[in-house]
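Engineer: Residue-level listing of the chains:
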Amino acid sequence: MSELRIELQRICEWIEPGSRVLDLGCGDGSLLEWLQKNRNISGYGVDINPENVLSCLKKKVNIIQADLDAGLTDFEDGSFDYVIMTQALQALQFPHQTLAEMVRVGRKSIVTFPNFGLWKHRVYLAMKGRMPVSKALPAQWYDTQNIHLCTVKDFEQFCKQQSLHIAKRDIVDYEHRSDALMKLWPNLFGEVALYQINGK
Amino acid sequence: MGVVSPKSHHFSEPLSLVCGKTIEQYDIVYETYGTLNANADNAVLVCHALSADHHAAGYHSNQDKKPGWWDLFIGPGKPIDTNRFFVVSPCNLGHCSGSTGPKSINPASNKAYGPEFPIVTVVDWVNYQVRLAQLLGIDQWAAVAGGSLGGMQAMQWAIQFPDKVRHAIVIAAAPKLSAQNIAFNAVARQAIMSDPDFHQGRYYDHDTVPASGLKVARMLGHITYLSDDAMGDKFGRELKNQQLNYDYGVEFEVESYLRYQGESFVNRFDANTYLLMTKALDYFDPAEKEAGDLSEVFRKVSAKFFLASFTTDWRFSPKRSKEIVKALTDAGRDVSYLEFESNHGHDAFLVEHADYISAFSTYMQNIEVSS
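These protein sequence lines are chains A and B, in that order. With the working numbering applied, the first sequence covers 1 to 200. With the working numbering applied, the second sequence covers 201 to 571.
Just to be clear, a hint being listed does not mean it is correct.
Once the Cα atoms are required to be at most 25 Å apart in a straight line, the calculated SDA-like pairs of lysine to any residue come out as [said to hold, decoys possible]:
no.: 1; chain 1: B; residue 1: K278; chain 2: B; residue 2: T235
no.: 2; chain 1: A; residue 1: K59; chain 2: B; residue 2: R284
no.: 3; chain 1: A; residue 1: K60; chain 2: B; residue 2: K526
no.: 4; chain 1: B; residue 1: K519; chain 2: A; residue 2: N198
no.: 5; chain 1: B; residue 1: K303; chain 2: B; residue 2: T408
no.: 6; chain 1: B; residue 1: K526; chain 2: A; residue 2: A100
Which stretches of chain A does chain B cover? Using the computed rule of at least three CB atoms under 8 Å from a CB of chain B, they are [to be verified]:
no.: 7; stretch: 6-19
no.: 8; stretch: 74-87
no.: 9; stretch: 154-160
So, partial list: chain A residues that the calculated Cβ filter (under 7 Å) puts toward chain B [stated by the list, open to error]:
no.: 10; residue: K58
no.: 11; residue: K60
no.: 12; residue: L125
Read the hints as simulated data drawn from the structure, not as lab findings. Virtual Cβ for every residue (Gly too), placed ideally from N, Cα, C.
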């Protein structure tokens, strides 16, 4: 698994072999490629970016070029075992609608996002009075793609409101290590949040 | 590709057609590019659309101004790379460029078929192309590829002969024609059939052609191949002679262009073939036998699909390609779908476009063939 982004390795551990997978905002297709080779999965990536699309073709990953903000109406209810969306939630126009669509289309959904509740962001905002900029969130407020950042608490509150069942959770740092602080105060010390949500 | 020459073969095994009639014997004119390998697993069938023919790549002579219709995409180092693939490009049954069609002589009457030529459908073309594959010793296509009506043939191949197609390349196509598509075809047919020189399709016997009807049909068709943007960019409201004449002559550049397109088409195309081709389009509906459920049809397919559409194509818009993609994903088939920004409308599938060419090339490079 060494060639795979560390966050994706974690997700691979959650996927049952032989599953049907839809990867939203699949980027260069690395996750699906790995799952195809090692977990015998079938499925599709969805991405809008032409370079990503080409990279998926090179990797022999089925790619459907589409805008996630336009919805997933082209997929039937419950037609996938897993719908995955890594590090894309915060960049969506209507994240709540896309989450609802994921739960509709997939029996299980896996979502990852950067935790904006991280103490460093809080300190940055409190001390400097400016929108936090970090290695993981390097863009300025005006040119960032991350238009809907949320915290661990926000996300879990949302799931509760929508009666979405959180089946698995991993709160980790950027290297995907976990420690006692993250376990105790995930919203304060977690850098990346990984969730598996099962349908209503 | 350099200079290429068409080949021809006479088939005397009757071909039963969907319309219930049988065509007793026929010629298939075709071109091939590249070399068939020892295992015969590198063959790519290229299917033409409404007005094109077997001349898909290269030039027929050194004096030719224009190469074959898909020359940008077929040749050494091009998406359908003739260093790897053996490309077969037939002229369809009913056409007017050499394969048997309405203007061919009917051996039963020793006169041109004319309106007696049976209506052919996409299903018939696939059966007809099977005969050519057998002749060339090809049991399975590495890929069947085409744009527009050609893409429909690729799709039909995958449906009709699941074990004979490994990849289907379906570009700027639709799962079936919309009412608007059929309406445009109906007007084109009316233009031809209401021409006094049409003579119920027997104009060959009168030594004439329904030129004005065919011209109008082509002008109409041409409008649907271009986008509003492309026409605007190319012609705008430019005038031919810098001033308005307040009469009914050709004044705007776009009028002059359409007339030129229409007139040059009359010189190379047969009106009865045009009628036939538009009918083949109208009848295409592979989901019909499954009560309109295309995904059910695709469940029996084993080919992998590559689909592409173009943003300003309003004849077969991206939405139409997505219908095919949806049916394929519902059926759990392998499919990749790309949508390219282009202002060339429906014609974009024939036009140079860097992203389109590199995606098409990448997909084709991944098709495995033995050396």
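Engineer: Hint by hint, say whether it matches the structure.
Structural biologist: We went through each hint and held it up to the structure:
1. K278(B) to T235(B): holds (15 Å)
2. K59(A) to R284(B): holds (20 Å)
3. K60(A) to K526(B): Holds, because 19 Å separates the two Cα atoms, which is no more than 25 Å.
4. K519(B) to N198(A): Violated. K519(B) to N198(A) sits at ~31 Å, over the 25 Å cutoff.
5. K303(B) to T408(B): It holds: about 12 Å lies between the C-alpha atoms, which stays within 25 Å.
6. K526(B) to A100(A): Distance of about 19 Å is within 25 Å: holds.
7. 6-19: It is violated: at least three residues are needed, and the stretch 6-19 of chain A offers just 0 whose Cβ sits closer than 8 Å to chain B.
8. 74-87: holds (count 4)
9. 154-160: Coverage by chain B is violated here, the residue count being 0 at a Cβ distance below 8 Å.
10. K58: holds (6 Å)
11. K60: Check passed: Cβ of K60(A) comes within 5 Å of chain B, closer than 7 Å.
12. L125: Interface hint status for L125(A): violated (39 Å vs cutoff 7 Å).
In this structure, the earlier hints numbered 4, 7, 9 and 12 are contradicted, and the remaining ones agree with it.
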